[in-house]
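Chemist: Build the complex from these two chains, which are given one at a time in their own frames, with help from the hints.
Protein chains in written order, with numbering that gives the first Met the number 0: chain R, 0 to 283; chain W, 0 to 286.
No lab work stands behind these hints: they were computed from the structure.
Check before you lean on any hint, since a few could be wrong.
Derived PhoX-like pairs (lysine-lysine); straight-line CA-CA distance at most 25 Å [stated by the list, open to error]:
#1 Lys265/W <-> Lys276/W
#2 Lys205/W <-> Lys50/W
#3 Lys50/W <-> Lys55/R
#4 Lys205/W <-> Lys55/R
Now the stretches of chain R that chain W is said to cover, found in silico as 3 or more residues with beta-carbon under 8 Å [said to hold, decoys possible]:
#5 110-116
#6 190-201
If you want the footprint, here are the derived chain W segments under chain R, 3+ residues with CB under 8 Å [to be verified]:
#7 40-47
#8 51-64
#9 191-197
#10 200-209
Beta carbons are placed, not taken as given, at the ideal position from N, Cα and C, and that holds for glycine.
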Amino acid sequence: MFKQAAWLGWEMDSNWTEPGLFLIYSIIKPVAGAFILVLMSFVALFIGTGNPDLGKSAMFAYLFVGNAFFIYVASVLFGCFQVIQSDREWYQTIRYVYMSPINFYTYIVGRAASKVLLATIATAVTLAFGVFALHIDLSMSLWDIPLFLAVMVIGLLCVVAIGLCLAGLSFLTAKHTHGLAEGIPGMFYLFCGVIFPLSVLPGWGQSVGRALPITYWLEAIRRLILPSSQIAQVTTGLEQRDLAGIIALLLISTAFFFLLSILLFRMTEYLARKAGIIDMTTNY
Amino acid sequence: MTEPGFIRLNVRALFGRSYPRVIGGTRELSWIFFETVLPILSIAAYVFIYKAFLPPNPDQTMLDKVNSLVGYVVIGGTMTAFWLNVLWSMASQLYWEKEVGNLQLYMMAPMSRMALLGGMAVGGMFMTSTRAVTTLVVGVFIFGVVITIGNPLLILAVFFVTLIALYGMGMMFASLYLLYGREAWNLSALMEEPIFLLSGFYFPVKALGQTVAIGASVIPATLGLDALRQLMFPVSGFGTQFYFFSPELELAVLCVLAAVFLVLAKLSLGYLETLAKREGKLTTRHQ
Chain R
0 MFKQAAWLGW EMDSNWTEPG LFLIYSIIKP VAGAFILVLM SFVALFIGTG
50 NPDLGKSAMF AYLFVGNAFF IYVASVLFGC FQVIQSDREW YQTIRYVYMS
100 PINFYTYIVG RAASKVLLAT IATAVTLAFG VFALHIDLSM SLWDIPLFLA
150 VMVIGLLCVV AIGLCLAGLS FLTAKHTHGL AEGIPGMFYL FCGVIFPLSV
200 LPGWGQSVGR ALPITYWLEA IRRLILPSSQ IAQVTTGLEQ RDLAGIIALL
250 LISTAFFFLL SILLFRMTEY LARKAGIIDM TTNY
Chain W
0 MTEPGFIRLN VRALFGRSYP RVIGGTRELS WIFFETVLPI LSIAAYVFIY
50 KAFLPPNPDQ TMLDKVNSLV GYVVIGGTMT AFWLNVLWSM ASQLYWEKEV
100 GNLQLYMMAP MSRMALLGGM AVGGMFMTST RAVTTLVVGV FIFGVVITIG
150 NPLLILAVFF VTLIALYGMG MMFASLYLLY GREAWNLSAL MEEPIFLLSG
200 FYFPVKALGQ TVAIGASVIP ATLGLDALRQ LMFPVSGFGT QFYFFSPELE
250 LAVLCVLAAV FLVLAKLSLG YLETLAKREG KLTTRHQ
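One chain only, chain W, in its complex shape (with noise of 0.2 Å):
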């Protein structure tokens, strides 16, 4: 038997690795009301908060505004499902992988780290995406959203790209919880609000301030989340106040996060390997 080239073999192992995340959802079909139906009663919640703040009797100018933000948080929602992937199925893989002792398997395999953690962003994006389209859908057909679509092909572009840039971060960040050990439990939950936060998942970013927004754009979520209520929701009812760059300038410079991460994953996985090799300790569990 021969053996398969090297791109043959990586674009095998990365089919091989997201396999199980796109089948076992098929599998286990619970899995489809815990991960989608229930994280949007908590974005229901946050659609409300809006609504409360309205006054007695609205005039169709504070519905426009209620509306855009209401969208905004359907929005942040959306990308929250991919936030929660990256941070859960991406960053803390390697480290869990040790855990569960597949790691000294991955580290014997002849194919390339980065293919199979690009099987796992695959994987990821798959399964995340029901839970994405199902907080949208929910968004538009039970809060009533209305969403302009202006520029497909941009919006289609900030979103993947973004995408990229935020797996990218996640494929990083799996070497990095590797050599930090048992904080990378901990890294992860303290990514969460903190990050919703900074990236603005739930309201205009530039209500932070122009330099915590500029500081918090190192998150790939933050451009994306701002180019893409722009274009979607040009006439928001409040004007552009909480826009924060253009959305062609937001696209360019995801451009280079997405590039970078991944440079940055390929370069952090290189120094792993090599402590691994120098160490001989990266598969010890519990450390």
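Just chain R, same shape as in the assembly (with noise of 0.2 Å):
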């Protein structure tokens, strides 16, 4: 089942066009979402130095690496909520699929598994632009490999965990996907030291950014693949944990996040049906 939501959600998403064409679709938003940093941290650099040499930056390697795991970030809870608000509104499929026998919640994870696949050629894209363009010094260990990809699943499951508390809440509000698409991840984007560290935002948003497992997630995956001298030049209000700290808070918030999003899919699942919700449409 899980097989068959994913086949159907590559073909959703691409709307049946051309895999090709969707793949290029799909690679030049994120790429171009990277060189719009990259001309914000050369301006930045040219009226505050003189000298926008990028590759030399510490500050612009932290922000580049954290936009470029980003993408599975934005990609993937968008890839969940979606899920209830175009069956529902847009294909007005959801009342078949919903009495189809599949688990719902099985069904969401499987459409969002092709987000994850794309999400993964993007950031290898943006990566290879940043180490051959930009100079970005990227090294990692083949000790250190192991542990990097047991980082990238942890943190994957956690982005589909809070997708899926996500997709619970949509079926309860209106049609909402272009506020929640920018607004979630826009969230994450500001409080979890993506394209800044935590220490430039104030103490309260710094607090923010310490609840969410996504702060930790990228923090770990910098640790892993910038050189150490780079990481420490930048204040990252993390410094005073080791790696080995930052995964286990990783961890725990995932599990957390997942027995989550279970309860409060089943709940509002249930909210929805007794409310006679589950196929309104609101468009306007």
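Modeler: Structure below.
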């Protein structure tokens, strides 16, 4: 069932267009997003120091890597919560899928799987551009590769769990796909030290960031793939924790969000069914 | 009952199509949170990028420079709201109307299709203004952006001509999207970040280089944003090195763009209607 949902997710996301064309669409978007950061950093360095050498800027490497891996967050979150709204409002097929024997929770995870694949390609392209065109120094020892893969899997599970929480909430809300698509990743973008260190935020903002698992996921990734000399130049706001502590926090928060996603999804599904709004339409 | 005249009919159609967008927003109050508060978060993130590059003990000159850059992001964030509305609620709208079965009703109705698209544009501008104003207010009060209003009439002229040109572009896309069928969704998605990049939504467009910036000027937001930034941040702290053309020249080009896009919208709608009559499958769904 998961496999069928994943294939359906690919077809629906691409809107049944040519796979190659859809792949290009899917890569151009995040790469253009990375270019925006390149230009912003260039302007900031030019104005601040008169020397916009991005390759030598530890801050730029910090934000570029954070942004590259954030592609997963934006893409997979959207992949989860838009399932409810697109099936309900756009294709108006939710009642048929809902009545079919597939578990709806599994269906959403399957639908999001195609987003993981596309995000992996887009992240790889973005990182390759950073290394070859902008001379960002990435380095990882062979011994760190299994740890890096483990961190990726835990982080992705966490993102999917958060996406399922949002999908559950989407049962009860009107058609807010674009608000959610911009806003929820925007919240993580702002508070999780993605494109600037936590230390730049005011105190309360740093506290919010420390409560969110994405912060620890991105920090662990940076410590694994950026040279320690570069990490040391940036006041990240998480210096007091070692890598093991960061990964432990990521594991605990992932477990928490996984349980929350099951509870919240079941509760909102029940409430939507009770209110008779599983297949409502709110198009304007 | 007498039939309304041509103008009255089209004005009524315009109001009729803008009505659900204006009233829909007030009936679904959660919309205010999702469409105004949440999107500000990602704009705030861009603001903090510039702050992150600040040296540890910045002097007043450096603070002025950063104020201008933060202001650039706020103005860009305001325009983002309109661009997204143009893409998702104008350009894609006729395609969506086809998919939900309304397009044939629009085609059979006696009013001009331009009045229909005009109604969508007016309603869309109203809905989006809430988000745009919120972004501006947050920029001024939360991020402490200092805006200088030296020539308010020119600012208003640039803003409204930019909107007319943008929505004219959206009206033109609306017909083209119908022809491209199921690529419509992907086309809109494709015109988000790449256009934010090319039009300099979060940085001065001249940083892309003169040639690329001139090419990007075909998108009305490029010149509109540059002119608004020049007019609202005349003392930018980093001089005029990132200014493109003069605001007056940019306004003149925007006027031309607005006229061209509206004419092209009318022509492409006409072509679409001809095609609809000739092939008889324009309203066939899921193509």
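Chemist: Which numbered hints turn out to be false for this structure?
Modeler: 5
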